[in-house]
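**Q** My request is simple: use the sequences and hints to build the entire structure.
Residue 90 in the UniProt record's numbering sits at position 90 of the sequence shown, and the numbers go up by one each step.
Please keep in mind that the hints were generated in silico from the structure rather than gathered at the bench.
One should not assume that every hint holds.
FRET-style restraints, in silico, Cβ to Cβ [unchecked claim]:
| hint | residue 1 | residue 2 | range |
| --- | --- | --- | --- |
| 1 | Q192 | T61 | 40 to 50 Å |
| 2 | Q192 | G58 | 40 to 50 Å |
| 3 | A78 | P128 | 31 to 41 Å |
| 4 | A62 | Q192 | 23 to 33 Å |
In this text, all values refer to a predicted model and were calculated from it rather than measured experimentally.
All C-beta atoms in this analysis are idealised placements derived from N, C-alpha and C, irrespective of residue type, glycine included.
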Amino acid sequence: MDTVAVIDFETTGLSPARGDRPTEIAAVLVAEGRIVDRYQSLMNAGLPVPPFIERLTGISTAMLRRAPPVEQVMAEVADFVGTVPLIAHNAAFDSAFWDAELSRLGRQRSQSFVCTLLVARRVLPRAPSYKLGALLASFGLPTAEPAHRALADAEMACHLTLRLEQELIERLQCVSVTHDLLRRIQRMPKSQLQTRLAGGGKGLPIRAGL
Numbered sequence: 001m002d003t004v005a006v007i008d009f010e011t012t013g014l015s016p017a018r019g020d021r022p023t024e025i026a027a028v029l030v031a032e033g034r035i036v037d038r039y040q041s042l043m044n045a046g047l048p049v050p051p052f053i054e055r056l057t058g059i060s061t062a063m064l065r066r067a068p069p070v071e072q073v074m075a076e077v078a079d080f081v082g083t084v085p086l087i088a089h090n091a092a093f094d095s096a097f098w099d100a101e102l103s104r105l106g107r108q109r110s111q112s113f114v115c116t117l118l119v120a121r122r123v124l125p126r127a128p129s130y131k132l133g134a135l136l137a138s139f140g141l142p143t144a145e146p147a148h149r150a151l152a153d154a155e156m157a158c159h160l161t162l163r164l165e166q167e168l169i170e171r172l173q174c175v176s177v178t179h180d181l182l183r184r185i186q187r188m189p190k191s192q193l194q195t196r197l198a199g200g201g202k203g204l205p206i207r208a209g210l
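**A** This is how it looks when you write it as structure tokens:
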């Protein structure tokens, strides 16, 4: 796969449209099937952490008071990632915060996101759960601690991405799996992909050029 950046946010809530802000971010660079670099930081957006979020993540308002400002962290992580394609588990959530915070800096995302949750739903239609930890457990892949912290979750999403790549190579007999291929798969109707997977990928137009 091309070099990609797998990102994960921890936040004060579910949506920047409702005024929620990030509390932590991690970005993990993956190249040639392995993790090659990492960025992780707490960030202070000036908002208190709701009690249920603190219980879930372990991130407290007191911790954020000592953290660098959100503007500094987002500028650093955006520079760290550059124009590398992005991946996240449940990317609708992470991309919303990524775009909202970049907009506050007067910057705009230039690359696309792949969602490993959407890809997994198409490649693994019989999975009992599409939660990140459950998918890793189903493959016998290592999980990271502490859960619901940005770096641990980003690294787990890396492991899932590489496993999904392996599934597609084995079942579609692809030479490689690109970020663009994953983007097309995540938009494909589930039934269409499963029919093609069952046929060994025959007639699958997304194989062209691989």
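**Q** Take the hints in turn and mark each one as holding or not.
**A** Consistency of the hints with the structure:
Checked against the given bound of 40 to 50 Å, the beta carbons of Q192 and T61, roughly 47 Å apart, stay inside it. Roughly 42 Å separates the CB atoms of Q192 and G58, a value that falls within the hinted 40 to 50 Å. A hinted range of 31 to 41 Å holds for the C-beta pair A78 and P128, which are about 36 Å apart. About 50 Å separates the C-beta atoms of A62 and Q192, a value inconsistent with the hinted range of 23 to 33 Å.
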